[in-house]
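Enquirer: Each protein sequence line maps, in turn, to chains A and B. Residue 85 in the numbering used here sits at position 85 of the first sequence, with consecutive numbering throughout. Throughout, the numbering used here is defined as the position within the second sequence, counted from one, plus 1000.
I should point out that these hints are in silico values taken from the structure, not numbers from a laboratory. We put the CB at the ideal spot given by N, CA and C, even for glycine. Each hint should be verified, as a subset may be incorrect.
[As the list claims (entries may be wrong)] Restraint ranges, calculated between C-beta atoms of paired labels, are given here:
| id | chain 1 | residue 1 | chain 2 | residue 2 | range |
| --- | --- | --- | --- | --- | --- |
| 1 | B | Gly-1014 | A | Leu-41 | 48 to 58 Å |
| 2 | A | Arg-33 | B | Ala-1135 | 19 to 29 Å |
| 3 | A | Thr-98 | B | Asp-1170 | 49 to 59 Å |
| 4 | B | Glu-1124 | A | Asp-62 | 50 to 60 Å |
| 5 | A | Phe-75 | B | Ala-1340 | 34 to 44 Å |
[Said to hold, decoys possible] A short list of chain A residues far from chain B (calculated; beta carbon distances all over 10 Å):
| id | residue |
| --- | --- |
| 6 | Asn-7 |
| 7 | Val-17 |
| 8 | Ala-66 |
| 9 | Ala-69 |
| 10 | Thr-77 |
| 11 | Leu-85 |
| 12 | Thr-90 |
| 13 | Ala-97 |
| 14 | Val-106 |
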Amino acid sequence: MAKPLINVPAKAKRGEVIEIKTLISHVMETGFRHSNIGEFLPRDIITQLVCHYNGEEIFRADLFPAIAANPFITFHTVATESGMLTFEWTGDNGFSATGQANIAVVD
Amino acid sequence: MLNPTCSVTLVADGDTYTAFPLSNAVLAGLRPLTAQQFGYDKIAGSGVEIAAGRVTGIDPQARTARLGDGRSIPYDRLVIAPGIDVKFDAIKGYGEAAAEVMPHAWTNGAQVALLAKQLEAMPEDGVVVISAPVAPLRCPLGPYERASMMALFLKARKPKAKLIVLDSKDSFILQKQFEAAWAELYPGLIEWIGLSQGGNLTEVDVANKTLITDFESYKADVANVIPPQRAAEITSTAGVADRTGWCPVDPITFESQLVPNIHVIGDAAIAGAMPKAASAASAEGKICAAAIAELLQGKTPQPRELGSSCYSLIAPDFALAIGDKYRPTDGQFMEVEGNATSTPADATAAQHAQEAKSADAWFAATTRETFG
Chain A
1 MAKPLINVPA KAKRGEVIEI KTLISHVMET GFRHSNIGEF LPRDIITQLV CHYNGEEIFR
61 ADLFPAIAAN PFITFHTVAT ESGMLTFEWT GDNGFSATGQ ANIAVVD
Chain B
1001 MLNPTCSVTL VADGDTYTAF PLSNAVLAGL RPLTAQQFGY DKIAGSGVEI AAGRVTGIDP
1061 QARTARLGDG RSIPYDRLVI APGIDVKFDA IKGYGEAAAE VMPHAWTNGA QVALLAKQLE
1121 AMPEDGVVVI SAPVAPLRCP LGPYERASMM ALFLKARKPK AKLIVLDSKD SFILQKQFEA
1181 AWAELYPGLI EWIGLSQGGN LTEVDVANKT LITDFESYKA DVANVIPPQR AAEITSTAGV
1241 ADRTGWCPVD PITFESQLVP NIHVIGDAAI AGAMPKAASA ASAEGKICAA AIAELLQGKT
1301 PQPRELGSSC YSLIAPDFAL AIGDKYRPTD GQFMEVEGNA TSTPADATAA QHAQEAKSAD
1361 AWFAATTRET FG
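So that you can see chain A by itself, here it is in the shape it has in the complex (with noise of 0.2 Å):
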């Protein structure tokens, strides 16, 4: 599997709204689907993606099967402390991932 991308600003100010941008490569596969030879395709998607922020969930997504492959979620935190802002991504079929970023956080 590819490594996720996470795209998170190196410096910021503190107190400065920051965007964050995360992709990962998979298929969401939604569970309604058949194979060409009538075989069904059971579900296999991303359900979760968890960011904390120096140890502190600043934001969860639940996805669910409308979503498009390799989901693509951009949000925004205000920059508060230099540190480190780790993701982690779970699903279907003990689906895991994780990276993280650091960032400087400068008055």
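Here the structure of chain A is known, so what remains is to put chain B in place on it, guided by the hints.
Expert: Chain B alone, transformed into the frame defined by chain A:
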């Protein structure tokens, strides 16, 4: 002429037309730009009146087309084939001035010449970055043919160079064939980065010649930014473009669905499954002309089938081809089942060479038919 009682006026900007099929070969030095250029003399000789200038306004009520110099031409039927505009507002930092540094080379000969000049001047170990836009675009295979032609040039002239294709899509037509050809002819030279690998271009930094995607920055020595596209500006002025930016038409006559008596052909039209390709535009022109001749005689035009064929040059004597037939079905052009053809992924050198010959033959035939 289909209808000798008609009088036909062709409004043409300048005295030369630059054809885009095969123009990527100009970048590799395989063809001079002049081989892409054609005059209107023979069209004039066939009884068509040529009005030099550019249509800047259309009055659908009075049925007149106004030219830039103020002249006004009355019409019973107006056919426009204005092609596309690149969307200068789609990529942050990009615009007309930026295109002089990071050419799109997608709508005029001067841009192609500029890109060729930049390639010639770049350092031996330079980096070329091409950005390919979302569909719909003029010449859907064009960005990949262009990558191939640039790779041919780089391999010969700048052997330490690298070529990156940033793509706003996750796949493209004939991708397997292109990738197989690249692996065979240009191993390690072309890196294709699709949407899900973060290939979507969002911003350019012109001063630093840097292309910025959602996740990375790419510093380029030569940057070829091909922005998203829409039907050319005149279609908005005329009211024939809808909110998609393209022009809905009747597939039998190519008459606009929005403004009567104006027909839109070529890349600007929404032609269903048909690609925005020269072969399709040429076929559309013929169908539209035949339909207008019938309409002016009070007849009802019947649905006509048309075909398209696209060629992508990978190297001299090495091309890929794709073709199909289309028929008006439920108000749209749909593929006619069983007519799709394409160069197979495991094609032989002889097949690739034959496709290259066909490409040349197609170009010669189409331009001869059009310009005499």
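Enquirer: Each hint needs a verdict: does it hold in this structure or not?
Expert: Hints, one by one, checked against the model:
Distance hint check for Gly-1014 (chain B) and Leu-41 (chain A): the Cβ-Cβ separation is about 56 Å, which falls inside the suggested range of 48 to 58 Å. Separated by about 23 Å at the C-beta atoms, Arg-33 (chain A) and Ala-1135 (chain B) satisfy the suggested range of 19 to 29 Å. Between Thr-98 (chain A) and Asp-1170 (chain B) the CB atoms are about 23 Å apart, so this pair departs from the stated range of 49 to 59 Å. Hint check: Glu-1124 (chain B) to Asp-62 (chain A), Cβ distance near 52 Å, so the stated range 50 to 60 Å holds.
Between Phe-75 (chain A) and Ala-1340 (chain B), the C-beta spacing of about 42 Å keeps the proposed range 34 to 44 Å intact. Distance check for Asn-7 (chain A) against chain B: the nearest CB is about 5 Å away, which does not clear 10 Å, and the non-interface claim fails. For Val-17 (chain A), the condition that its CB be more than 10 Å from all CB atoms of chain B holds, with the nearest at approximately 18 Å. Separation of Ala-66 (chain A) from chain B is adequate, the least Cβ-Cβ distance of about 18 Å exceeding the 10 Å criterion.
Against the 10 Å criterion, Ala-69 (chain A) falls within the reach of chain B, whose nearest CB is about 8 Å from its own CB. Consistency note on Thr-77 (chain A): stated as away from chain B, and its beta-carbon is indeed over 10 Å from all of that chain's, at 17 Å minimum. For Leu-85 (chain A), the non-interface assignment is confirmed: its Cβ lies about 15 Å from the closest Cβ of chain B, beyond the 10 Å cut-off. At roughly 19 Å from the closest C-beta of chain B, the C-beta of Thr-90 (chain A) stays outside 10 Å, upholding its exclusion from the interface.
The beta carbon of Ala-97 (chain A) is kept farther than 10 Å from every beta carbon of chain B, the shortest such distance being approximately 14 Å. No Cβ of chain B comes within 10 Å of the Cβ of Val-106 (chain A); the nearest lies about 21 Å off, and the non-interface call holds.
Hints 3, 6, 9, counting from the list given before, are not met by this structure.
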